[in-house]
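> The sequence shown: position 403 = 403 (this note's numbering), numbered continuously.
No wet-lab data here; the hints were simulated from the structure.
The C-beta atom is built at its ideal place from N, Cα and C for all residues, glycine as well.
Be aware that one or more of the hints could be misleading.
Stated by the list, open to error - DSSO-like mimics (lysine-lysine), calculated; alpha carbons at most 27 angstroms apart, straight line: (1) Lys386 with Lys424; (2) Lys398 with Lys437; (3) Lys94 with Lys33; (4) Lys424 with Lys437; (5) Lys308 with Lys225; (6) Lys252 with Lys94; (7) Lys398 with Lys76; (8) Lys269 with Lys252; (9) Lys245 with Lys225; (10) Lys269 with Lys291; (11) Lys437 with Lys30; (12) Lys252 with Lys386; (13) Lys225 with Lys281.
Stated by the list, open to error - The calculated label-pair distances, taken between Cβ atoms and stated as ranges, are: (14) His39 with Val409: 20 to 30 angstroms; (15) Leu426 with Leu229: 33 to 43 angstroms; (16) Arg369 with Asn404: 23 to 33 angstroms; (17) Pro238 with Thr370: 27 to 37 angstroms; (18) Leu229 with Val401: 42 to 52 angstroms.
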Amino acid sequence: MASEQGQGEQTSSMAGAGKGKGEVEGMEQKLEKLMSAFHDHQEGNKAVRHQKELEELFSFLREHEAAFSQLPGDKKDDLDALLRNIEGVLELCKNQEEKKKKTTNKMGDCIPFKSSSRPPADHTSSTSVVAPLLMQARDILGDSSSSAPAAAGPNKKEVLYEWTTSYVDEKRLYGWDDEATEVADALAGPEEDDDELFRAAGIFGIHGSGKTALAQKVFVHDRIKDTFLLRLWVCVGPTPPDDDKQQQYEVKFSLLYRMLDNLGLDTYKVEEVVNGSEAVKKHSGDSDAAKESKIGVLLFILHVALAKTSYLIVLDDIRAYDPWYTNLALPPPPHGEWSDRLAYGLPKLNKSAVLVTCRKEEHARAMVRTGRVFHPPLLAVADAWKLFEREYLQEAEKKQVGYNVKDDVLYNDLKVVQEEMVGKCLGLPVAILEAAKGFAQYCTYVDDDDAKTTQPTTAKGADAGDPAHAAA
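Just need the whole structure built from these sequences, with the hints factored in.
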């Protein structure tokens, strides 16, 4: 018996090692690919923004590459996510530097990872987008020599905000076809005899309830494509504290900058116009007033850029309500500053609409006023299972080299009790995703010798301590 038990443990250990080895090799290859792209860009005599910081980041990862295989499972997942973030930041830094030709003191970093104060002209400040990635790498790989500010705390891990985008893989959106049509109709209005030129609608719900997914289905809906010539997706993201005026200014500035950039405007020329405007010049001795005027001028430019077209703008994930977003249907004032409302930058001259997503119903209603407000319904069992199945299989394939779902005992048990499992997750997408990830850690894969390579767990006996219960 002891011999058989030892053989079983050895088989499990060898399988786990093979699984971990494949995962580590994938991350090592990803790092090599990133470093090659970075060096190839440099060898082509092409500048890259935050070059020194990127060199430090890649050097650190290269020095600690041998430790990848020693990381526990959760740290490996963190490292894998970090490498994906680095890929996006590297492309952003290359593109931004290629645009920067006229002067070194241009607009601040308007990057979809971290809101921060604008860096000085040399762009080597630790507040750049690369700095938090280096901090995260040191946290994952256990390096204590970080030069990060002490205020961050030795055990505080910086979590990068995951920004939503206009890219929609419709095959990965499950359910809510009728709801998407209802929202699309509310934004597009009647197909005939429609005198209303501007409409607004809102989607509200708790974190993970599917607000963004429903908005994405609306964004690619045929009715929307047929009605609006221009569709623009804007992820608003985290909101700074009420008492941090500088950060509030940065968020508004960044939001408008990104919108103008996505509309195809030359943002460097835009900045010249803003700084040279009389509205800004007259406040040259008052920094706060000058900043407010800059926001007003940017809103005016946005208004002009949108005035001749029919548009739909999605403002996704407005985390905290701000009066600046109130009543998006308001027209701009005939006189005075434009900086008080985002609405002033949204012309109501052609058939246009705005869709917002946020967490509270009262905030959604304050923004859309007379417009309709929607809440994502709970996922039906069939759609919820599709979501669970996709996430479970992805996680299981990461954990097991040569994974075959036909040999997964746990998966087949879960398939039988899918209705009960979805009920435990309350039909919430975020709970279903977390349950899938949790169960995948215990997938019972059977190899050719009928040896189970991970902990055997069945869904039928799952109770308060199971992953689905924890996710819900």
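> So, for every hint listed, does it hold in this structure?
Going down the list of hints, with the structure as the test:
For the given pair, Lys386 sits about 16 angstroms from Lys424 by alpha-carbon distance, which is consistent with the 27 angstroms threshold. Pair hint Lys398 plus Lys437 holds up; C-alpha atoms about 11 angstroms apart against a cutoff of 27 angstroms. For the hint pairing Lys94 with Lys33, the CA-to-CA distance comes to about 15 angstroms; that is within 27 angstroms, so the pair holds. A threshold of 27 angstroms between alpha carbons decides the hint, and for Lys424 with Lys437 the separation of about 15 angstroms falls inside it, so the pair holds.
For the suggested pair Lys308 and Lys225, the alpha carbons sit about 17 angstroms apart, so the restraint of at most 27 angstroms is met. Pair hint Lys252 plus Lys94 holds up; C-alpha atoms about 24 angstroms apart against a cutoff of 27 angstroms. The straight-line distance between the Cα atoms of Lys398 and Lys76 is roughly 11 angstroms, inside the 27 angstroms bound, and the hint therefore holds. A distance of roughly 19 angstroms separates the Cα atoms of Lys269 and Lys252; the hinted pair therefore holds under the 27 angstroms criterion.
Between Lys245 and Lys225 the alpha-carbon distance is near 38 angstroms, which puts this suggested pair outside the 27 angstroms criterion. About 18 angstroms separates the Cα atoms of Lys269 and Lys291, which keeps this hinted pair within 27 angstroms; it holds. Proximity of Lys437 to Lys30 is assessed by CA-CA distance (about 22 angstroms); at most 27 angstroms being required, the pair is judged to hold. Proposed proximity of Lys252 and Lys386 is contradicted: the alpha carbons are some 38 angstroms apart, above 27 angstroms.
Under the criterion of a C-alpha separation no larger than 27 angstroms, the hint pairing Lys225 with Lys281 is inconsistent with the structure, at around 41 angstroms. Checked against the given bound of 20 to 30 angstroms, the beta carbons of His39 and Val409, roughly 46 angstroms apart, lie outside it. For the hinted restraint 33 to 43 angstroms between Leu426 and Leu229, the CB-CB distance of approximately 40 angstroms keeps it satisfied. One distance hint, 23 to 33 angstroms for the beta-carbon pair Arg369 and Asn404, is violated here, with the actual separation near 55 angstroms.
For the pair Pro238 and Thr370, the beta carbons lie near 29 angstroms from each other, so the given range of 27 to 37 angstroms is met. As the Cβ distance of Leu229 to Val401 is approximately 49 angstroms, the hint placing it in 42 to 52 angstroms holds.
Checked against the numbered hints given earlier, this structure breaks hints 9, 12, 13, 14, 16; the rest are met.
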